[in-house]
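Take a look at the letters that make up each chain.
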Amino acid sequence: MHPAPSVIAFSTLSGLGFGLLFWLGISTSPPTGLSAFIWFAIAFALACGGLMASTFHLGHPERAWRAFSQWRTSWLSREGVCAVVALMALGLYAAALVFLEQKITVLGWIGAALALGTVFTTSMIYAQLATVPRWKTTLTPALYLSFSLAGGALLSGQITRAIVLLMIAAGIQLIWWKRGDAAFQDSGTDLGTATGLGERGTVRSMAHPHTSPNYLMKEFIYVIGRKHAQKLRVIAFSLTFVVPLVLLFLPFNHVFALLAVLSHLTGVATSRWLFFAEAEHVVGLYYGMR
Amino acid sequence: MTDLPTHTDRKLGLVIDLDTCVGCHACVISCKGWNTENYGAPLSDQRPYGDEPMGTFLNRVHSYEVQPEVGSAQTVHFPKSCLHCEAAPCVTVCPTGASYKRVEDGIVLVNEDSCIGCGLCAWACPYGAREMDQAEGVMKKCTLCVDRIYNENLPEEDREPSCVRTCPAGARHFGDFADPNSNVSQLVENRGGFDLMPEMGTQPVNKYLPPRPKDSWDNESLLAPLLAPVAQEPQGFLGWLDKALDKLPGGPT
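Chains A and B, in that order, give the protein sequences. Numbering follows this note's numbering, with no gaps: position 274 of the first sequence is 274. Numbering follows this note's numbering, with no gaps: position 47 of the second sequence is 47.
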């Protein structure tokens, strides 16, 4: 799958933003006044910045409001609805903390649940697709949720929680990669089932419909960088988990904390790039490719 | 709404005969022509005369080689367009309601005025039937020539999809799969029509007919017994000539 920068920026930034919002929402002693303003401004900037970035890959961003209508069947629509309601609930919760120095506990919990719901709906956009076997697993929501919770805990400076959650997310990432590498093979879909000619013999693509690549090939058969996938996995894993964990185990220091967050953010972006670049869509089979 | 209808009154679709298709791409060209000049945004081309030309097509013809375990390989030309699935995954994923499946005839369509060009429906389609038009930023797909099949301004023989009307080999058939006596239902029944990627659970309406078994050079001809020499030893004049030649200097050969 073509790794669109806008979609990678969206899921990386908003995942971290909604993770931070979750922890702010359930906090027993949330910041108040100016401190609350700064924390929520960071969280909202990440969450909203991500959402805005996601509209850049649309053919008609001016019609994006229509995407709130089909929540009954569409995970993308549910994501939009969930994100807006979460931001409204947590906006009110934040306003009460900043201006009234009042904690509306129930609103915080509702907002936190909706923030996680937004991350879940994002992950389901991918996990629902039978056409991309690497994504079609319950491990995909687990991956997105664990990344978001770990990143949020790291960003909000909850060291113990961050250490535990980073370790859990690291485990899920490794299992997700392991499963993903065999997923296409295990799906049972090949050029034989794609053409319905598999029982007659071995099917081979002899000629593409056109002499140069088309939209489908550019969108679904993305092979650039696949040869570096293993190296990029090591880089992504180190930056997302290993470096932040080492920094968290060192004596606390604001520079270390900042470095841990930046390293984590870069690592998640790399992991998300791989999420797309390594994903193989079944339509590639028709072109004799993966 | 992007809920799929539980039932459609008719199931309009195509039967594509892989035995008959000669891979001429006439259906591709006629589809592009009709759908550029008629309903919806035109099918744009990018760099049509430059390096790496690219364009939007609703129908494409692949060519495959099938190599059986024994015997020679066979070439199969393989036209592919939207299969108008009964459980169309492209419809339910649409966030805006632009994609829908019609209750009256089962055709899957895109309302281009509502399409935001997110591309998720193309991701959900296993067949590559949807293409994002690079100039318009909206999703294009086969409409089963909805602007031809009901068009009373056209002569009756033209009221079928452009690809079907054009095919010089008669490899494409259009009809109603809900009617067991229709031409397409009969073809599927008699020729063993099949689905593409049935494991995806999309329940395609369009069906493909397999190539018929081919003759083989390895099989002996039915006439072979009649072609065997009747007389092994020459008799009569040829027998005398045979013996006479043997007696000449040089001896029998």
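Treat each hint with caution, since some may be false.
Here are the computed lysine to aspartate or glutamate pairs in the EDC-like style, where the Cα-Cα straight-line distance is at most 20 angstroms [unchecked claim]:
1. A:K218 with B:D158
2. A:K136 with A:E278
3. B:K247 with B:E233
4. A:K136 with A:E219
5. A:K218 with B:E52
6. B:K214 with B:E65
7. A:K136 with B:E199
8. A:K218 with B:E136
9. A:K136 with A:E199
10. B:K214 with A:E199
11. A:K218 with B:D195
12. A:K231 with A:D181
13. B:K32 with B:D45
14. B:K32 with B:D158
15. B:K32 with B:E160
16. A:K231 with A:E278
17. B:K32 with B:D3
18. B:K32 with B:D147
I should point out that these hints are in silico values taken from the structure, not numbers from a laboratory. What you are looking at is a predicted structure, and each value in this text was computed from that prediction instead of being measured.
Evaluation of the provided hints:
1. A:K218 with B:D158: violated (35 angstroms)
2. A:K136 with A:E278: holds (14 angstroms)
3. B:K247 with B:E233: Given pair K247 (chain B), E233 (chain B) holds - Cα atoms ~17 angstroms apart, limit 20 angstroms.
4. A:K136 with A:E219: Given that 20 angstroms is the threshold and the Cα spacing comes to 18 angstroms, the pair holds.
5. A:K218 with B:E52: Between K218 (chain A) and E52 (chain B) the Cα gap is close to 12 angstroms, so the pair holds against 20 angstroms.
6. B:K214 with B:E65: holds (14 angstroms)
7. A:K136 with B:E199: holds (14 angstroms)
8. A:K218 with B:E136: holds (17 angstroms)
9. A:K136 with A:E199: Not satisfied, since the Cα-Cα distance of roughly 26 angstroms exceeds 20 angstroms.
10. B:K214 with A:E199: Since the Cα atoms of K214 (chain B) and E199 (chain A) sit roughly 16 angstroms apart, the hinted pair holds (cutoff 20 angstroms).
11. A:K218 with B:D195: Violated - the C-alpha atoms of D195 (chain B) and K218 (chain A) are around 26 angstroms apart, more than 20 angstroms.
12. A:K231 with A:D181: holds (15 angstroms)
13. B:K32 with B:D45: holds (11 angstroms)
14. B:K32 with B:D158: Given pair K32 (chain B), D158 (chain B) holds - Cα atoms ~16 angstroms apart, limit 20 angstroms.
15. B:K32 with B:E160: Holds. K32 (chain B) to E160 (chain B) sits at ~15 angstroms (cutoff 20 angstroms).
16. A:K231 with A:E278: holds (13 angstroms)
17. B:K32 with B:D3: Not OK: K32 (chain B) and D3 (chain B) at ~30 angstroms, beyond 20 angstroms, violated.
18. B:K32 with B:D147: Between K32 (chain B) and D147 (chain B) the Cα gap is close to 14 angstroms, so the pair holds against 20 angstroms.
Hint compliance for this structure: hints 1, 9, 11, 17 are not met, and every other hint is.
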